[in-house]
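S.K.: Chains as they are written, first to last, in my numbering: chain A, 1 to 162; chain B, 1 to 503.
Rather than coming from a laboratory, the hints here were simulated on the basis of the structure.
One or more of the hints may lead you astray.
As the list claims (entries may be wrong) - Per label pair, the in silico range of CB-to-CB distance: (1) 352/B - 159/A: 51 to 61 angstroms; (2) 286/B - 142/A: 49 to 59 angstroms; (3) 126/A - 355/B: 52 to 62 angstroms; (4) 17/A - 488/B: 46 to 56 angstroms; (5) 129/A - 11/B: 41 to 51 angstroms; (6) 352/B - 17/A: 41 to 51 angstroms; (7) 468/B - 52/A: 52 to 62 angstroms.
Unchecked claim - For the chain B half of the interface with chain A, some residues (derived, Cβ under 10 angstroms), not all of them: (8) 188; (9) 225; (10) 398; (11) 411; (12) 453.
To be verified - Away from chain B, derived, C-beta distances all over 10 angstroms, residues of chain A: (13) 62; (14) 68; (15) 128; (16) 156.
Ideal placement from N, C-alpha and C gives every residue a C-beta, glycine not left out.
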Amino acid sequence: MRIKSQKDFFAGLLYFAVGVAFAWGATNYNIGDGARMGPGYFPLLLGIVLAIIGGIVMFQAMVVETPDGDPIGKWAWKPLVFIIAANFLFGILLGGWPLLGIPAMGLIIAIFVLTFVAAAAGTEFKFIEVLILAILLAALSWFAFVWGLNLQFQVWPTFITG
Amino acid sequence: MDLINNLSLGFSVAFTMQNLMYAFIGCFLGTLIGVLPGVGPVATIAMLLPATYALPPVAALIMLAGIYYGAQYGGSTTAILVNLPGESSSVVTVIDGYQMARKGRAGPALAAAGIGSFIAGCFGTLILAGFAVPLTEVAFKFGPAEYFSLMILGLIGAVVLASGSLIKAIGMIVLGLLLGLVGTDVNSGVARYSFDIPELTDGIGFIVIAMGVFGYGEIIANLSHPAEQREVFTGKVEHIYPTKEDWKLMMPAILRGTMIGSALGILPGGGAMLSAFAAYTIEKKTKLKPGEVPFGKGNIRGVASPESANNAGSQTSFIPLLTLGIPPNAVMALMVGAMTIHNIQPGPQVMTSNPELFWGLIASMWLGNLMLIILNLPLIGLWIKLLTVPYRWLFPAIVLFCAIGVYSTNNNTWDVWMVGWFGIIGYIFIKLGMEPAPLLLGFILGPMMEENLRRALLLSRGDWSVLVTRPLSATLLGLALLLLIIVLLPAVKSKREEAFVEE
Chain A
1 MRIKSQKDFF
11 AGLLYFAVGV
21 AFAWGATNYN
31 IGDGARMGPG
41 YFPLLLGIVL
51 AIIGGIVMFQ
61 AMVVETPDGD
71 PIGKWAWKPL
81 VFIIAANFLF
91 GILLGGWPLL
101 GIPAMGLIIA
111 IFVLTFVAAA
121 AGTEFKFIEV
131 LILAILLAAL
141 SWFAFVWGLN
151 LQFQVWPTFI
161 TG
Chain B
1 MDLINNLSLG
11 FSVAFTMQNL
21 MYAFIGCFLG
31 TLIGVLPGVG
41 PVATIAMLLP
51 ATYALPPVAA
61 LIMLAGIYYG
71 AQYGGSTTAI
81 LVNLPGESSS
91 VVTVIDGYQM
101 ARKGRAGPAL
111 AAAGIGSFIA
121 GCFGTLILAG
131 FAVPLTEVAF
141 KFGPAEYFSL
151 MILGLIGAVV
161 LASGSLIKAI
171 GMIVLGLLLG
181 LVGTDVNSGV
191 ARYSFDIPEL
201 TDGIGFIVIA
211 MGVFGYGEII
221 ANLSHPAEQR
231 EVFTGKVEHI
241 YPTKEDWKLM
251 MPAILRGTMI
261 GSALGILPGG
271 GAMLSAFAAY
281 TIEKKTKLKP
291 GEVPFGKGNI
301 RGVASPESAN
311 NAGSQTSFIP
321 LLTLGIPPNA
331 VMALMVGAMT
341 IHNIQPGPQV
351 MTSNPELFWG
361 LIASMWLGNL
371 MLIILNLPLI
381 GLWIKLLTVP
391 YRWLFPAIVL
401 FCAIGVYSTN
411 NNTWDVWMVG
421 WFGIIGYIFI
431 KLGMEPAPLL
441 LGFILGPMME
451 ENLRRALLLS
461 RGDWSVLVTR
471 PLSATLLGLA
481 LLLLIIVLLP
491 AVKSKREEAF
501 VEE
């Protein structure tokens, strides 16, 4: 059998896998019965439903013809990696990562790193432009979140403020 | 009269300096971000939600409501001027709005959208105020079985209107429901699916999902398309005010759109998008007057009617949320999240226990609509400038505000890690053609559904038939089934697919 809709097939597979995982996880908890539902009852039910839905979607993807095979297409690795990396670096720099002994570097440095890494996800990258953008964003964020809304952020690195 | 008493209470709350200011800030920020192409109302509200944490509950909700219509309205500006729907409900506005802009009539198109939205907003607010009391009384008759069935109806309603494959959309709901169950079970105290991670025992934050999937996921998908050549009308938009001829065509269309929107907004799963689609379809069916520009070529009715409808619909979609506590769409699901952050359990009791919040919010909706029209017509030049900002400057800023937003929710980097993972998941959803909006709705409803099912079955001693033997519950389930059957009818099915292909 040939897959007739690649998108649907993998969507169905995803549903199926997640459904099975949740249902299997639910068996670790007390299931109970209808009158006295345990913590595992509802997730088990939903997990089974999701797995069945996944099965139907996969079946349809094998049977129903589509004009072009509904391909998933290329994964945009570059934006994916840079955007998500920008996010993670922001978290690490802002809060530090005690496990690896990385100290908190504070909001301003985190904003600069995030802006540069995220900007690299795009097709065009001009250093000066990104630098100006980073300065603007840092100033705006400080003004709006730290000064204006008084949210609790560490603004500067620990080794400066002590 | 009760209605007048209630509304005057509402206006006395809304007309304080502080609340007027928050309504204004909300409308302004909402429009500001809503104008940016590719940022819909869900992402806008999620991104701005942290800004409201420190406010008192009434002010926070007033500001969020302002953000919502601001984003909605900003989306239409983008649709008219750039030929890009800022969000799904302005998809149909693009068709005639952009054509008008190309003919140098961007001004009247924007005015038609603004005036239509305002009239629709006024009417929607009245409906909301009028319906709230009787519906709340109905809601008090609801037992857990009815609530459970109502949620099923709401969820089915939401997917019937989702674009694309029905079964995949139902899958997204169930996935959302499951994700909503992660965390400590309120009944037994068991931490479910938390893998011994303390942060996970509190469950997954809805902001994390909203921002990851609607923020990061969308950005990654947008960047993967080669930059489109956008034609923006940067020139001065002159002659904002519609001509006499325009008024004549516009007004009946606005009224029709308002009616359709108000009715469809109340439906579970209804709201802005469905309303706009229905209004445009009906407008297209009416006969053209002699000398009128055909639809698709820049007919002002094609802008006025769907814009009025989407605003009326977004107004009345507050009805199920405020009276029954059940969010009818993804935006309202975010509102539920916002209310819980302020310790307000949405539902019929809000009106009795918190009347100033309830009526204040309703009154501020009307004020918000007024502000939008005051804000938008003179400031149109500013919004146009904003449209010319290239995407390569915008998306790092969006990433930053998402990251700061999630961090500030709990002042914890855990949420930053989670939003990153959900960004990846969101991109996978987009690649596999899976609609994320039903997921968010399911996520919010998951715990509520479990709780109501548990209570219903406890009362019936484990007998599932309680869902169909209680008349109200049976009716709601019957409606849900009917909706499913209608959509699966071959004739309707092909029409539905056609409607979404037009997007």
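S.K.: Now look at each hint and say whether the structure bears it out.
M.R.: Tested hints:
For the hinted restraint 51 to 61 angstroms between residue 352/B and residue 159/A, the CB-CB distance of approximately 55 angstroms keeps it satisfied. The hint said 49 to 59 angstroms for the Cβ distance between residue 286/B and residue 142/A, and at roughly 54 angstroms that hint holds. For the hinted restraint 52 to 62 angstroms between residue 126/A and residue 355/B, the CB-CB distance of approximately 55 angstroms keeps it satisfied. For residue 17/A and residue 488/B, the hinted distance range of 46 to 56 angstroms is not satisfied, since their beta carbons lie about 27 angstroms from each other.
Checked against the hint of 41 to 51 angstroms, the C-beta distance between residue 129/A and residue 11/B comes to roughly 48 angstroms, which is consistent with it. Residue 352/B and residue 17/A have their C-beta atoms about 46 angstroms apart, which keeps the hinted 41 to 51 angstroms range intact. A beta carbon spacing of about 21 angstroms between residue 468/B and residue 52/A contradicts the range 52 to 62 angstroms that was offered as a hint. Given hint, residue 188/B at the interface with chain A, holds; its Cβ is 5 angstroms from that chain's nearest Cβ, closer than 10 angstroms.
Because the closest C-beta pair between residue 225/B and chain A is about 9 angstroms apart, less than 10 angstroms, the hint holds. Hint status for residue 398/B relative to chain A: holds, with the closest Cβ pair at about 9 angstroms, below 10 angstroms. Residue-level restraint check for residue 411/B holds (minimum Cβ-Cβ distance to chain A is 6 angstroms; threshold 10 angstroms). Here the hint on residue 453/B is kept, as its CB sits about 7 angstroms from the closest CB of chain A, short of 10 angstroms.
Against the 10 angstroms criterion, residue 62/A stays outside the reach of chain B, whose nearest CB is about 14 angstroms from its own CB. Residue 68/A, annotated as away from the interface, keeps every beta carbon of chain B farther than 10 angstroms; the closest lies near 13 angstroms. Distance check on residue 128/A: its Cβ is at least 13 angstroms (rounded) from any Cβ of chain B, clearing the 10 angstroms threshold; non-interface status holds. With a closest Cβ-Cβ approach of about 16 angstroms to chain B, residue 156/A is found to remain outside the 10 angstroms limit, as its non-interface label requires.
In the structure shown, a violation is registered for the earlier hints numbered 4 and 7, in ascending order.
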